[in-house]
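Undergrad: So you can see what is in the structure, the chains are spelled out below.
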Amino acid sequence: DAGITQSPRHKVTETGTPVTLRCHQTENHRYMYWYRQDPGHGLRLIHYSYGVKDTDKGEVSDGYSVSRSKTEDFLLTLESATSSQTSVYFCAISGQGRNTEAFFGQGTRLTVV
Amino acid sequence: AQKVTQAQTEISVVEKEDVTLDCVYETRDTTYYLFWYKQPPSGELVFLIRRNSFDEQNEISGRYSWNFQKSTSSFNFTITASQVVDSAVYFCALSADQGAQKLVFGQGTRLTINP
Numbered sequence: 001d002a003g004i005t006q007s008p009r010h011k012v013t014e015t016g017t018p019v020t021l022r023c024h025q026t027e028n029h030r031y032m033y034w035y036r037q038d039p040g041h042g043l044r045l046i047h048y049s050y051g052v053k054d055t056d057k058g059e060v061s062d063g064y065s066v067s068r069s070k071t072e073d074f075l076l077t078l079e080s081a082t083s084s085q086t087s088v089y090f091c092a093i094s095g096q097g098r099n100t101e102a103f104f105g106q107g108t109r110l111t112v113v
Numbered sequence: 001a002q003k004v005t006q007a008q009t010e011i012s013v014v015e016k017e018d019v020t021l022d023c024v025y026e027t028r029d030t031t032y033y034l035f036w037y038k039q040p041p042s043g044e045l046v047f048l049i050r051r052n053s054f055d056e057q058n059e060i061s062g063r064y065s066w067n068f069q070k071s072t073s074s075f076n077f078t079i080t081a082s083q084v085v086d087s088a089v090y091f092c093a094l095s096a097d098q099g100a101q102k103l104v105f106g107q108g109t110r111l112t113i114n115p
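These protein sequence lines are chains A and B, in that order.
For the first sequence, the positions run 1 to 113 when this note's numbering is used.
For the second sequence, the positions run 1 to 115 when this note's numbering is used.
No false leads were mixed into what you were given.
Below, simulated SDA-like cross-link-like pairs (lysine to any residue); rule was C-alpha separation at most 25 Å, straight line: (1) B:3 x B:100; (2) A:53 x A:5; (3) A:57 x B:97; (4) A:57 x B:31; (5) B:3 x B:66; (6) B:3 x A:99; (7) A:57 x B:1; (8) A:70 x A:52; (9) B:16 x B:114; (10) B:3 x A:44; (11) A:70 x B:100.
Since the hints were derived computationally from the structure, they do not count as laboratory data.
Build the full structure now, drawing on both the sequences and the hints.
TA: Here it is in structure tokens:
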């Protein structure tokens with residue numbers, strides 16, 4: 001299994017509070033991603049990173065920010081959580097080159113009440 | 001823009017039946033990659049297969065097989081002699097990037113295999 005660890009695995013937070021989810025990899029892969037999974041939508045890309053301090057937006061980036069200060073860590077921050085951000089969040093990593101695939105972490109279930 | 005459609009929301013079959021999961025995609029890119037992932041009840045996402053757009057050869061891996069047809073923009077997944085352990089949500093995904101694997105997912109098909 002690819003070395004990806006997400007923390008926390010579960011979190012309940014109140015509307016309006018900041019929340020940070022962490023993704024840590026031990027594979028030294030260049031690319032890291034954050035997706036959210038919601039019923040009826042599959043997974044949707046929030047943000048991704050193509051190197052240290054290099055990030056870009058995905059399909060559903062509003063309300064989220066990311067940072068990558070080290071190759072192994074990719075942080076997702078909800079500056080002010082809303083109920084619409086209740087979801088399961090997955091981190092993924094992939095290597096360089098065409099013939100690669102993305103490997104996913106175990107997911108973080110976030111509930112905003 | 002890319003789009004992936006999995007029209008079958010839920011499928012339920014009896015063990016040992018064959019079952020096909022449909023995946024239709026849309027993209028204007030000439031080079032792209034198609035994927036299938038499995039999400040068992042435990043929740044993790046397990047990579048099953050990657051197919052490049054320039055390789056239309058079908059693939060078989062044990063009881064699993066994949067039929068890629070560019071003419072119909074489809075990448076269907078068949079499980080032969082299904083087993084209870086095949087019960088999961090299956091996702092088809094598409095990426096048209098040459099570097100980052102920015103995946104566009106279908107909505108998923110929940111497959112239930114009944115004993």
